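A.B. asks: Under this note's numbering, think of the first position of the sequence shown as 22, with each following residue one higher.
Among the hints, a few may not be true.
[Said to hold, decoys possible] Straight-line C-alpha distance at most 30 Å; calculated BS3-like pairs for lysine-lysine:
| id | residue 1 | residue 2 |
| --- | --- | --- |
| 1 | K272 | K306 |
| 2 | K560 | K501 |
| 3 | K545 | K419 |
| 4 | K524 | K306 |
| 5 | K396 | K279 |
| 6 | K339 | K154 |
| 7 | K113 | K154 |
| 8 | K56 | K396 |
| 9 | K419 | K396 |
| 10 | K56 | K336 |
| 11 | K123 | K152 |
| 12 | K560 | K524 |
| 13 | K113 | K517 |
| 14 | K396 | K542 |
| 15 | K272 | K238 |
| 16 | K560 | K339 |
| 17 | K306 | K279 |
| 18 | K123 | K113 |
| 19 | K396 | K123 |
| 20 | K56 | K529 |
| 21 | K339 | K501 |
| 22 | K123 | K306 |
| 23 | K170 | K529 |
| 24 | K279 | K524 |
| 25 | K339 | K279 |
| 26 | K336 | K542 |
| 27 | K306 | K396 |
| 28 | K396 | K425 |
| 29 | K56 | K501 |
| 30 | K542 | K524 |
| 31 | K542 | K517 |
| 32 | K542 | K529 |
| 33 | K529 | K393 |
| 34 | K272 | K339 |
| 35 | K419 | K542 |
| 36 | K545 | K396 |
| 37 | K123 | K529 |
| 38 | K279 | K170 |
| 39 | K545 | K393 |
Just so you know, these hints were derived from the structure itself, not from any lab.
Treat the numbers as computed from the prediction; the structure is a model and nothing was measured.
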Amino acid sequence: MRLFSLFITFVITQVVIAQYRSQVWCPDNGDGTYKNPVLYADYSDPDVCVVGEDYYLTASSFNCIPGLPILHSRDLVNWEIIGYALQEQKPKELFDRPQHGKGVWAPAIRYHNDSLFIYWGDPDLGIFMVKAKDPAGEWSNPVCVISGKGMIDPCPLWDDDGHCYLVNGWANSRCGFNSVLSVRELSADGTHAISQPRIVFDGGQENHTSEGPKFYKRDGYYWIMNPAGGVEMGWQLAMRSKSPYGPYEWKRVMWQGKTDINGPHQGAWVHTAQGEDWFLHFNDKGAYGRVVYLQPIDWSSGWPMMGNHGEPYTKYCKPLTVNHEPITNPRESDEFNDGLGLQWQWHANYHQFYGQPTADGYYRLYTIEHPKDFKSLWEVPNMLLQKPTAPRFTATAKVRFASKEEGQYGGIVMMGRDYSALVILRQGDAFLLQRHTTMGADEGETETQQTLTTLQPTDCDTIPYSPAIYLDLYLRMAVKDGMCTYSYSLDGKRFKPAGEPFKMREGKWIGAKFGFLAECKSLKSSRGWLDIDWIRITK
Numbered sequence: 022m023r024l025f026s027l028f029i030t031f032v033i034t035q036v037v038i039a040q041y042r043s044q045v046w047c048p049d050n051g052d053g054t055y056k057n058p059v060l061y062a063d064y065s066d067p068d069v070c071v072v073g074e075d076y077y078l079t080a081s082s083f084n085c086i087p088g089l090p091i092l093h094s095r096d097l098v099n100w101e102i103i104g105y106a107l108q109e110q111k112p113k114e115l116f117d118r119p120q121h122g123k124g125v126w127a128p129a130i131r132y133h134n135d136s137l138f139i140y141w142g143d144p145d146l147g148i149f150m151v152k153a154k155d156p157a158g159e160w161s162n163p164v165c166v167i168s169g170k171g172m173i174d175p176c177p178l179w180d181d182d183g184h185c186y187l188v189n190g191w192a193n194s195r196c197g198f199n200s201v202l203s204v205r206e207l208s209a210d211g212t213h214a215i216s217q218p219r220i221v222f223d224g225g226q227e228n229h230t231s232e233g234p235k236f237y238k239r240d241g242y243y244w245i246m247n248p249a250g251g252v253e254m255g256w257q258l259a260m261r262s263k264s265p266y267g268p269y270e271w272k273r274v275m276w277q278g279k280t281d282i283n284g285p286h287q288g289a290w291v292h293t294a295q296g297e298d299w300f301l302h303f304n305d306k307g308a309y310g311r312v313v314y315l316q317p318i319d320w321s322s323g324w325p326m327m328g329n330h331g332e333p334y335t336k337y338c339k340p341l342t343v344n345h346e347p348i349t350n351p352r353e354s355d356e357f358n359d360g361l362g363l364q365w366q367w368h369a370n371y372h373q374f375y376g377q378p379t380a381d382g383y384y385r386l387y388t389i390e391h392p393k394d395f396k397s398l399w400e401v402p403n404m405l406l407q408k409p410t411a412p413r414f415t416a417t418a419k420v421r422f423a424s425k426e427e428g429q430y431g432g433i434v435m436m437g438r439d440y441s442a443l444v445i446l447r448q449g450d451a452f453l454l455q456r457h458t459t460m461g462a463d464e465g466e467t468e469t470q471q472t473l474t475t476l477q478p479t480d481c482d483t484i485p486y487s488p489a490i491y492l493d494l495y496l497r498m499a500v501k502d503g504m505c506t507y508s509y510s511l512d513g514k515r516f517k518p519a520g521e522p523f524k525m526r527e528g529k530w531i532g533a534k535f536g537f538l539a540e541c542k543s544l545k546s547s548r549g550w551l552d553i554d555w556i557r558i559t560k
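Please take these sequences and the hints and turn them into a complete structure.
C.D. replies: Listed below in structure tokens is the structure:
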């Protein structure tokens, strides 16, 4: 336990040093209250565990890498990204290419025997687990706990007598049925199943689409908390039994009611060191993804009624803490002076050819050649992307594009099932400023390109064996309530519009994501690159 406490002290020190306050979304009102959502970002299917007075959150990451984000908080309101539990998905030959909507579904994070464990379901491969002593450090290689298709949303429970149980849901798209929850016993170390599954709950018509279960124990009862009714219009259930295998009695404990918070959905019950009970859940915001809300829990009826007698709050008093915790938010801006910030992910396993930090404070993205049958960026693994963290924000980036040959291009993108990018493409000895857009990229539609203007290089190399031309430019996207407007500048002061506004659209099980790309139509000689000096997120 002492070793783990030392790790925790180290983590907290790093979090305090790295405090970042967002200009565009801060849930802490500064007066002892908070506003929802506490994370206005796509942390789908959030789960949280408690270690003393520290809280650790993870969420679904699907095909995005690094995966299984780890966020830390001391008050459930102020959160900071401290790392990732999954650096690569296997099998490599599959996940080295974008596998939209596959991969890591609905993880559960638990603290047991001085270690943190995360379980998740890959609907095509099985249930996996990783563990770590230091939540901000290196996690173990994934262990396949149960192989097979269709199992999703697993959650372990280590009982008082040392037995370990696992509850999970089922994906109809993989196994042909859903709305039921199953429990089986695992080995004491949680690495493999030692019994066959047993259905403990069938939602039927009344609680259709029962999924996302979380397993707990309180006052002699086994509790399963899970959503039902679907993501957009569903509700939250709590069920209890004297046996892990049921039968379970159930009660609806949160629903939309008269609020505008539709489908208050899957999440995590947290019992704090101060004796309070809270629930973090997601709410589907369309193109912004599934954002995270915090609700108080009232147990006075014997059931965990969430929010205001079952209806979610938009504002409430913050959880009690020993100390006044500083305001901090997940990072959005990045100066790239210390490598790559923790907010960034790729759409597939990272390869060193995609990009690397430089010694002089840039992040360099290399142009990657398209496949011969290229249709759209939906097929591209090397985009450097992050989640939107507010309904309204402006992202401005200072970049230098270096082109070694015709057809190389780079720029910024708002990526989803539909996407639009503002790019610089080399043509001859000049650059074209273009908008590249695809509507229905997930359905195989082909990208369209619109040329806006021609820009002359700001520098060039005349080395005979490797000539290059360069362009220094400021690129900007302004996001407001789901619409994205692009502009550019040569001096960082006067910005010119760059094409029509674009309506954001979510990806496959994830929200839209924005960031950078560097591509080329074919690789004939040397790669070009996009040097990103900084990106700043402002109002």
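A.B. asks: Any hints this thing doesn't respect? Which numbers, in order?
C.D. replies: 5, 8, 13, 26, 38
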